[in-house]
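Student: Below, each chain spelled out in residue letters.
2 protein chains.
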Amino acid sequence: MPYNELRKDYLLDRWVVIATERSRRPTDFAKPKSEAAKTAVCPMCVGNENMTPPAIMLYQKENGEIKRSQDPLTGERPKNWLVRVIPNLYPAFSPPKQPEDIAQILKSECLRDAIGHHEVIIESPNHDEDPADAEFPQLELVINAYIDRLKELSAKPYVKYVSIFRNYGLEAGASLSHAHSQVIATPMVPTTIQEELNSSKTFYDAYGKCVFCDIIERETKGPRLISEDEDFAVLAPYASINPMEFWIIPKKHAPNILNLTPPEIAAFAKILKVSLKALKDLVNDPPYNYGFHLAINSDAQDSYHWHLEVYPKLAIWAGFEKSTGVYINTVTPETAAESLRKSIKP
Amino acid sequence: MPYNELRKDYLLDRWVVIATERSRRPTDFAKPKSEAAKTAVCPMCVGNENMTPPAIMLYQKENGEIKRSQDPLTGERPKNWLVRVIPNLYPAFSPPKQPEDIAQILKSECLRDAIGHHEVIIESPNHDEDPADAEFPQLELVINAYIDRLKELSAKPYVKYVSIFRNYGLEAGASLSHAHSQVIATPMVPTTIQEELNSSKTFYDAYGKCVFCDIIERETKGPRLISEDEDFAVLAPYASINPMEFWIIPKKHAPNILNLTPPEIAAFAKILKVSLKALKDLVNDPPYNYGFHLAINSDAQDSYHWHLEVYPKLAIWAGFEKSTGVYINTVTPETAAESLRKSIKP
Chain U
1 MPYNELRKDY LLDRWVVIAT ERSRRPTDFA KPKSEAAKTA VCPMCVGNEN MTPPAIMLYQ
61 KENGEIKRSQ DPLTGERPKN WLVRVIPNLY PAFSPPKQPE DIAQILKSEC LRDAIGHHEV
121 IIESPNHDED PADAEFPQLE LVINAYIDRL KELSAKPYVK YVSIFRNYGL EAGASLSHAH
181 SQVIATPMVP TTIQEELNSS KTFYDAYGKC VFCDIIERET KGPRLISEDE DFAVLAPYAS
241 INPMEFWIIP KKHAPNILNL TPPEIAAFAK ILKVSLKALK DLVNDPPYNY GFHLAINSDA
301 QDSYHWHLEV YPKLAIWAGF EKSTGVYINT VTPETAAESL RKSIKP
Chain D
1 MPYNELRKDY LLDRWVVIAT ERSRRPTDFA KPKSEAAKTA VCPMCVGNEN MTPPAIMLYQ
61 KENGEIKRSQ DPLTGERPKN WLVRVIPNLY PAFSPPKQPE DIAQILKSEC LRDAIGHHEV
121 IIESPNHDED PADAEFPQLE LVINAYIDRL KELSAKPYVK YVSIFRNYGL EAGASLSHAH
181 SQVIATPMVP TTIQEELNSS KTFYDAYGKC VFCDIIERET KGPRLISEDE DFAVLAPYAS
241 INPMEFWIIP KKHAPNILNL TPPEIAAFAK ILKVSLKALK DLVNDPPYNY GFHLAINSDA
301 QDSYHWHLEV YPKLAIWAGF EKSTGVYINT VTPETAAESL RKSIKP
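Line order of the protein sequences matches chains U and D.
In terms of our numbering, the first sequence has 300 at position 300, counting the first letter as 1, and numbering is strictly consecutive.
In terms of our numbering, the second sequence has 76 at position 76, counting the first letter as 1, and numbering is strictly consecutive.
None of these hints come from the bench; they were simulated from the model.
One thing to keep in mind: the hints can contain errors.
Identical copies go unnamed one by one, so any copy, or any two together, can satisfy a pair.
Claimed, not checked - Under the rule of at most 27 Å between Cα atoms (straight-line distance), these lysine-lysine pairs were calculated in the DSSO-like manner:
hint, residue 1, residue 2
1, Lys160, Lys342
2, Lys251, Lys151
3, Lys201, Lys8
4, Lys273, Lys252
My request is simple: use the sequences and hints to build the entire structure.
Tutor: This is the structure in structure tokens:
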């Protein structure tokens, strides 16, 4: 019996024990479907627009065209929306209350004002239209909304990063079950992203190429590839810290999603849906989180490469992980890739 | 309304949003007691010693004295034990199978053999004798067992760190409900600990004093102090990433627990029990993890200072935390300290 493997992340100084000795099959994680978050009335469903703050951004269909607007200042709330973006009622980061506040964000070396933005993207008028089951035109609108919010928020002078993420299922932190994503714009580059920016810059300076382009080249030939098409590769990363974790990486080098073309958006919608559906079918609709990793600073243009990381919530990080920063994963990424590959519907 | 605060950890480059705008009271987290992990027969209870591997270490009482031994090689399993240490049945790290393996741990920059140790400390013959409710002599034995295991494991040439931790409650990762802790010895210093070692060394070199001694001096005068006695301070750290998180820090500078005296062990048992009981009473017996942070390398003797970090499991880290490494905590450490202070039984 060989030893368990201690693997290091492609970029982060983060180690994981790939526990082959206690290895579990992906289907071992299948649980009876957990209860959805309960609300008497869903504040995100059509007709309940008055239960939420006015929309910052709305997509509506008019004469066959998608129109972008926002809730009118008159207090009306249109009901014919397709995607609706609202401020989070309990924001972690809030917009500056007055322009002077921006210059005073830094209070000390250890304290800053949490100035920024925290938004909720209601992905569909249909309560259950999550990406794994979404219609393609709708899912493309959601991705468009990600791009539109990134464009608007990243242009603000006090915004240094924009995190676009999705929580699915109560156990993954989704307190409302209506299909939605969140956007948080922060006044600093977050730790994990900064470490990735630094490492990828170091790699670029040493080898004259993007580390993610290199990862795609190597991983698409190996046992951790889940799926690929002309535009994207889906792979189980070498040092996955979550059972069944996978990343969707665009083959075309770009630091972020701002310049995706309509065909690329369509291709991303397709591979996102297909991958999440494969996970859903394989492990009985598990909770998950996903988050975009991207760069908005111009000096990362050549060295950083956006991608989406999907973290199924199938294990609990306990005392060891929390106090050491070292993880234990009981499903090898090779097993995860193989089983997700087989679960993909053509 | 002021902004939420972005606070940085004392040592780590880790930021947390202290969400005063969505602030919750500690008692908001009280939930109906979650089900304990179920097993038909508890393999850790007295009489079931044959369901587990032979004990590596046993404490037994003989003629009023505590005797340290191990399960005999003859296959017998004494039943008159007080604390029983066994190898984990599904070890994340395993001992070297042959001496040559030690020299070959490093396979590449990104791959190592997970050589080390993974043990379970059965804390009491009584199923429910968790620290919050333990008898003091028993809890002192548990702390003695921590010290004994640290002494033995840290002396091995391939062991670079020993993590001693405890998971309590199914939601905090305790798959068995019998009172137990775990010990993992690793062939490298874990990321989080290494970052703490580096930062505390930098502080020591700059100011000629230990950063934790400095923290104790400052925090025992302020609103985050929960409790203190001659030997220990209990405080809610400035940048807690968990609601109700608290640390127990010894006032006497020491890099680890190896040289604790019997009176210090008794004092630690007391403050550990009292603090965990205050948490249990306040939030209806919540799940938690705790982990020792310590140093076993001699060059950290002056700069690092051991302590115990307790992480109540009251929130879910979701897509934002997992993809950025920035946390959101909806209970201010000042509120946590105040309510734990009031919950302490004299």
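Student: For Lys251 vs Lys151, is the C-alpha pair at or below 27 Å within one copy, between two copies, both, or neither?
Tutor: Cα proximity of Lys251 and Lys151: one copy only (22 Å, versus 51 Å across).
Student: With identical chains, the pair Lys160 and Lys342 could be close in the same copy or across copies; at 27 Å between alpha carbons, which is it: within, between, both, or neither?
Tutor: neither (40 Å within a copy, 41 Å between copies)
Student: Given identical chains, is Lys273 near Lys252, meaning Cα to Cα at most 27 Å, within a copy, between copies, both, or neither?
Tutor: Answer is within: at 20 Å inside a copy they meet the 27 Å cutoff, but 57 Å across does not.
Student: With 27 Å as the alpha-carbon cut-off, assign the pair Lys201 and Lys8 to within, between, both or neither.
Tutor: both (18 Å within a copy, 25 Å between copies)
Checked against the numbered hints above, the structure violates only hint 1.
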